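**Q** Could you build all of it, start to finish, from the sequences and the hints given here?
2 protein chains.
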Amino acid sequence: MQMPFQLTILGSSSAMPTSKRYPTAQVLNALGRFFLIDCGEGTQHQIRKNKIGFGRLDHIFISHLHGDHFFGLIGFISTQVMLKRTKDLHIFAHSELQRYTQFQLDFLNMEELGFRLVFHPLNFRKPQLIFDDEKLTITSFPLKHRIPCCGFLFREKEKEPNIKKEQVRKYQIPIREIKNIKAGSDFITEKGELVPNHELVIAPYKPRSYAFCSDTAYHEKIIPVIEGVDLLYHEATFTESEKHMAETTFHSTGKEAALIAQKAKAGKLLIGHFSARYKDPQLVLEEARAIFPETNAVEEDEVHSVVR
Amino acid sequence: MQMPFQLTILGSSSAMPTSKRYPTAQVLNALGRFFLIDCGEGTQHQIRKNKIGFGRLDHIFISHLHGDHFFGLIGFISTQVMLKRTKDLHIFAHSELQRYTQFQLDFLNMEELGFRLVFHPLNFRKPQLIFDDEKLTITSFPLKHRIPCCGFLFREKEKEPNIKKEQVRKYQIPIREIKNIKAGSDFITEKGELVPNHELVIAPYKPRSYAFCSDTAYHEKIIPVIEGVDLLYHEATFTESEKHMAETTFHSTGKEAALIAQKAKAGKLLIGHFSARYKDPQLVLEEARAIFPETNAVEEDEVHSVVR
Numbered sequence: 001m002q003m004p005f006q007l008t009i010l011g012s013s014s015a016m017p018t019s020k021r022y023p024t025a026q027v028l029n030a031l032g033r034f035f036l037i038d039c040g041e042g043t044q045h046q047i048r049k050n051k052i053g054f055g056r057l058d059h060i061f062i063s064h065l066h067g068d069h070f071f072g073l074i075g076f077i078s079t080q081v082m083l084k085r086t087k088d089l090h091i092f093a094h095s096e097l098q099r100y101t102q103f104q105l106d107f108l109n110m111e112e113l114g115f116r117l118v119f120h121p122l123n124f125r126k127p128q129l130i131f132d133d134e135k136l137t138i139t140s141f142p143l144k145h146r147i148p149c150c151g152f153l154f155r156e157k158e159k160e161p162n163i164k165k166e167q168v169r170k171y172q173i174p175i176r177e178i179k180n181i182k183a184g185s186d187f188i189t190e191k192g193e194l195v196p197n198h199e200l201v202i203a204p205y206k207p208r209s210y211a212f213c214s215d216t217a218y219h220e221k222i223i224p225v226i227e228g229v230d231l232l233y234h235e236a237t238f239t240e241s242e243k244h245m246a247e248t249t250f251h252s253t254g255k256e257a258a259l260i261a262q263k264a265k266a267g268k269l270l271i272g273h274f275s276a277r278y279k280d281p282q283l284v285l286e287e288a289r290a291i292f293p294e295t296n297a298v299e300e301d302e303v304h305s306v307v308r
Numbered sequence: 309m310q311m312p313f314q315l316t317i318l319g320s321s322s323a324m325p326t327s328k329r330y331p332t333a334q335v336l337n338a339l340g341r342f343f344l345i346d347c348g349e350g351t352q353h354q355i356r357k358n359k360i361g362f363g364r365l366d367h368i369f370i371s372h373l374h375g376d377h378f379f380g381l382i383g384f385i386s387t388q389v390m391l392k393r394t395k396d397l398h399i400f401a402h403s404e405l406q407r408y409t410q411f412q413l414d415f416l417n418m419e420e421l422g423f424r425l426v427f428h429p430l431n432f433r434k435p436q437l438i439f440d441d442e443k444l445t446i447t448s449f450p451l452k453h454r455i456p457c458c459g460f461l462f463r464e465k466e467k468e469p470n471i472k473k474e475q476v477r478k479y480q481i482p483i484r485e486i487k488n489i490k491a492g493s494d495f496i497t498e499k500g501e502l503v504p505n506h507e508l509v510i511a512p513y514k515p516r517s518y519a520f521c522s523d524t525a526y527h528e529k530i531i532p533v534i535e536g537v538d539l540l541y542h543e544a545t546f547t548e549s550e551k552h553m554a555e556t557t558f559h560s561t562g563k564e565a566a567l568i569a570q571k572a573k574a575g576k577l578l579i580g581h582f583s584a585r586y587k588d589p590q591l592v593l594e595e596a597r598a599i600f601p602e603t604n605a606v607e608e609d610e611v612h613s614v615v616r
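Respectively, the protein sequence lines represent chains A and B. Under my numbering, the letters of the first sequence match residues 1 to 308, in that order. Under my numbering, the letters of the second sequence match residues 309 to 616, in that order.
Worth flagging that the hints you see were computed from the coordinates, not collected in a lab. Treat each hint with caution, since some may be false.
[Said to hold, decoys possible] Keeping only pairs whose Cα atoms sit at most 30 Å apart, straight-line, the calculated DSS-like set for lysine-lysine is:
{"hint": "1", "chain 1": "A", "residue 1": "279", "chain 2": "B", "residue 2": "514"}
{"hint": "2", "chain 1": "B", "residue 1": "587", "chain 2": "A", "residue 2": "87"}
{"hint": "3", "chain 1": "A", "residue 1": "49", "chain 2": "B", "residue 2": "359"}
{"hint": "4", "chain 1": "A", "residue 1": "243", "chain 2": "A", "residue 2": "157"}
{"hint": "5", "chain 1": "B", "residue 1": "514", "chain 2": "B", "residue 2": "529"}
{"hint": "6", "chain 1": "B", "residue 1": "357", "chain 2": "A", "residue 2": "49"}
{"hint": "7", "chain 1": "B", "residue 1": "587", "chain 2": "A", "residue 2": "20"}
{"hint": "8", "chain 1": "A", "residue 1": "84", "chain 2": "B", "residue 2": "452"}
{"hint": "9", "chain 1": "B", "residue 1": "499", "chain 2": "B", "residue 2": "487"}
{"hint": "10", "chain 1": "B", "residue 1": "328", "chain 2": "A", "residue 2": "20"}
{"hint": "11", "chain 1": "A", "residue 1": "51", "chain 2": "B", "residue 2": "587"}
{"hint": "12", "chain 1": "B", "residue 1": "472", "chain 2": "B", "residue 2": "514"}
{"hint": "13", "chain 1": "B", "residue 1": "499", "chain 2": "A", "residue 2": "84"}
{"hint": "14", "chain 1": "B", "residue 1": "357", "chain 2": "A", "residue 2": "279"}
{"hint": "15", "chain 1": "A", "residue 1": "243", "chain 2": "A", "residue 2": "221"}
{"hint": "16", "chain 1": "A", "residue 1": "49", "chain 2": "B", "residue 2": "587"}
{"hint": "17", "chain 1": "B", "residue 1": "551", "chain 2": "A", "residue 2": "84"}
{"hint": "18", "chain 1": "B", "residue 1": "328", "chain 2": "A", "residue 2": "51"}
{"hint": "19", "chain 1": "B", "residue 1": "359", "chain 2": "A", "residue 2": "279"}
{"hint": "20", "chain 1": "A", "residue 1": "49", "chain 2": "B", "residue 2": "551"}
[Unchecked claim] Beyond 12 Å from chain A on every Cβ pair, some chain B residues (computed):
{"hint": "21", "residue": "367"}
{"hint": "22", "residue": "427"}
{"hint": "23", "residue": "434"}
{"hint": "24", "residue": "445"}
Quick caveat: nothing in here was measured; it's all calculated off a predicted structure. Using N, Cα and C, we set each Cβ at its ideal position, and we do this for glycine too.
**A** So this is what it looks like as structure tokens:
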């Protein structure tokens with residue numbers, strides 16, 4: 001069974017709250033690793049509602065320091081303390097968030113959390129690898145907003161192919177050769193017969209990827225970074241008729257989000273961060289779909305999976 | 309028509325969030341004046357959901373500085389800025405909340421709010437009149453918690469009786485006498501006949517009152533302050549079997565909340581601030597009702613009216 005690569009939408013509104021939408025927050029479950037992306041007010045409530053274990057969230061990515069993207073952090077941390085967390089909690093954010101959070105913890109007399117808060121400052125000038133383990137990389141990259149802001153690219157690593165067991169038996173392939181074959185070698189039998197690599201292995205599925213881009217004006221510089229991404233979340237605060245507002249506030253329209261998806265050859269586009277002025281995002285969605293048909297407007301508690 | 313005196317429950321959980329309950333927040337609509345009591349994370353979302361106008365909320369009462377009672381304040385203020393509020397916003401709280409809020413506003417570069425934030429420090433040693441206009445008084449009074457904490461008593465003022473118009477005509481009562489009669493005087497006609505006051509006026513309804521008591525251990529000192537209150541909200545974090553936890557954390561059981569209601573001769577009791585350990589507060593409620601039958605366990609978005 002393929003390990004999950006799925007995104008849960010916890011909040012999809014822009015700065016102004018609505019009765020149905022929460023400010024920005026998402027959880028990506030990438031191969032059983034859970035990543036919290038942004039943490040607007042109400043995130044911990046939404047985490048509970050979506051039955052995501054608080055203890056599974058060890059990494060938090062905060063795109064920028066506008067309140068609707070981080071006001072929920074202190075509540076999240078407080079709850080981790082109440083749950084007697086002991087594992088490190090990693091926060092990737094603007095370096096100033098550490099000062100802000102430390103002030104809050106001091107104010108609340110929370111000197112002893114019982115776990116370490118590890119802050120990782122983001123680079124707002126160029127893309128940077130910020131996480132790398134045996135299965136996954138995460139890269140931050142600058143967006144174009146009123147204040148420093150980063151997007152995040154989550155990319156599964158290439159998997160080794162699986163050896164076909166029946167071929168191992170048939171050609172009596174010794175164990176010492178398995179590693180080479182997985183790395184791409186052909187096999188030469190004792191009789192000198194060459195068995196080409198593709199007959200020996202089952203090709204792995206293509207690694208999956210997800211990119212988060214919020215908040216940002218239309219910004220073509222991100223295209224080479226996210227090129228070929230399977231699932232792209234791009235903010236789409238406004239319709240085309242409010243494009244002047246998008247420009248002055250450094251946000252995007254649905255059409256602009258779709259242009260980025262199209263030019264980056266994304267598989268699917270999710271749009272969100274809708275202005276509270278729209279009762280529903282139908283028009284934003286239509287304007288995006290006219291450019292990039294594989295677009296969906298997200299709602300709270302939706303789950304979007306990338307499956308091969 | 310009687311002016312409203314009604315309470316909307318925005319949040320009823322204790323510190324740990326649940327999937328159904330928000331941390332503490334309530335709105336009292338007292339005669340068309342809207343008062344926000346506590347402001348846990350998610351309060352602004354709940355305000356929207358309950359269709360309460362942000363612009364109607366000019367007074368906020370923060371019982372104490374545990375996060376589940378004020379983490380929503382900065383989001384509420386930010387939204388007021390986005391809504392271009394100009395009216396003063398009054399916050400009644402521990403004096404330290406001003407320092408905390410100012411740090412946040414400075415951090416967010418919100419020097420110019422467009423309105424004044426007026427902080428009113430609470431007195432945690434004795435009851436204090438903190439609001440007084442022609443229709444209403446509000447009194448803060450100390451509760452018994454791990455940190456300084458206040459309850460709030462909202463009390464409608466005694467209304468003047470209405471003069472019976474038909475009696476004015478019948479006895480040809482001059483206008484200059486109306487004030488005296490409203491104040492309780494009898495009337496003597498030109499013929500020297502005495503008409504007793506109760507024949508001249510319609511008695512007003514008894515003023516209504518609401519008291520908010522959270523968070524607190526069982527604390528009999530509040531009884532004389534809230535005596536005869538129509539509607540009492542008292543926290544009831546635990547059942548009797550967790551009474552030891554109530555004692556160590558300075559919270560109350562359902563039974564203790566009911567004893568306060570009984571001894572204070574309250575009209576009705578609402579209990580809330582339930583520990584997340586209980587899937588539902590049924591047992592807490594039963595233990596309270598055994599002492600004080602007129603008890604209800606609150607839920608989000610409920611409205612409780614006091615009607616005469």
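**Q** Look at each hint and say if it fits the structure.
**A** Hint check:
1. Proposed proximity of residue 279/A and residue 514/B is contradicted: the alpha carbons are some 44 Å apart, above 30 Å.
2. A C-alpha spacing of about 27 Å is found between residue 587/B and residue 87/A, which places the hinted pair at or below 30 Å, so the restraint holds.
3. Between the alpha carbons of residue 49/A and residue 359/B the distance comes to roughly 22 Å, so the proposed pair stays at or under 30 Å and holds.
4. Between the alpha carbons of residue 243/A and residue 157/A the distance comes to roughly 38 Å, so the proposed pair goes past 30 Å and is violated.
5. At most 30 Å may separate the alpha-carbon atoms for a hinted pair to count; residue 514/B and residue 529/B meet this at roughly 25 Å.
6. Restraint check: the Cα-Cα separation between residue 357/B and residue 49/A comes to about 17 Å, which is no more than 30 Å; the hinted pair holds.
7. In summary, the hint linking residue 587/B to residue 20/A is supported, as the alpha carbons are separated by about 24 Å, within the 30 Å threshold.
8. Of the supplied pair hints, the one linking residue 84/A and residue 452/B holds, its CA atoms being roughly 26 Å apart against a limit of 30 Å.
9. Of the supplied pair hints, the one linking residue 499/B and residue 487/B holds, its CA atoms being roughly 21 Å apart against a limit of 30 Å.
10. Distance restraint check for residue 328/B and residue 20/A: the Cα-Cα separation of roughly 15 Å lies within the 30 Å cut-off, and the hinted pair is therefore satisfied.
11. Proposed proximity of residue 51/A and residue 587/B is supported: the alpha carbons are some 14 Å apart, at most 30 Å.
12. This hinted pair checks out: residue 472/B and residue 514/B have alpha carbons roughly 18 Å apart, not beyond 30 Å.
13. With a C-alpha separation of about 84 Å, the suggested pairing of residue 499/B with residue 84/A is violated against the 30 Å cut-off.
14. Of the supplied pair hints, the one linking residue 357/B and residue 279/A holds, its CA atoms being roughly 14 Å apart against a limit of 30 Å.
15. Among the hinted pairs, residue 243/A with residue 221/A is consistent with the structure: their alpha-carbon atoms are about 20 Å apart, no more than 30 Å.
16. A hinted pair counts as satisfied when its Cα atoms are at most 30 Å apart, and residue 49/A with residue 587/B qualifies at roughly 14 Å.
17. Of the supplied pair hints, the one linking residue 551/B and residue 84/A holds, its CA atoms being roughly 22 Å apart against a limit of 30 Å.
18. Only pairs whose Cα atoms come within 30 Å are accepted, and residue 328/B paired with residue 51/A is accepted, the gap being roughly 12 Å.
19. For the hint pairing residue 359/B with residue 279/A, the CA-to-CA distance comes to about 14 Å; that is within 30 Å, so the pair holds.
20. Annotation: proposed proximity of residue 49/A to residue 551/B holds, straight-line Cα distance about 29 Å (limit 30 Å).
21. With a least CB separation of 20 Å from chain A, residue 367/B remains clear of the 12 Å interface cut-off, as annotated.
22. With a minimum CB-CB distance of about 15 Å to chain A, residue 427/B clears the 12 Å threshold, and the non-interface call stands.
23. Residue-level check passed: residue 434/B sits 25 Å from the nearest beta carbon of chain A, beyond 12 Å.
24. No beta-carbon of chain A comes within 12 Å of the beta-carbon of residue 445/B; the shortest separation is about 32 Å.
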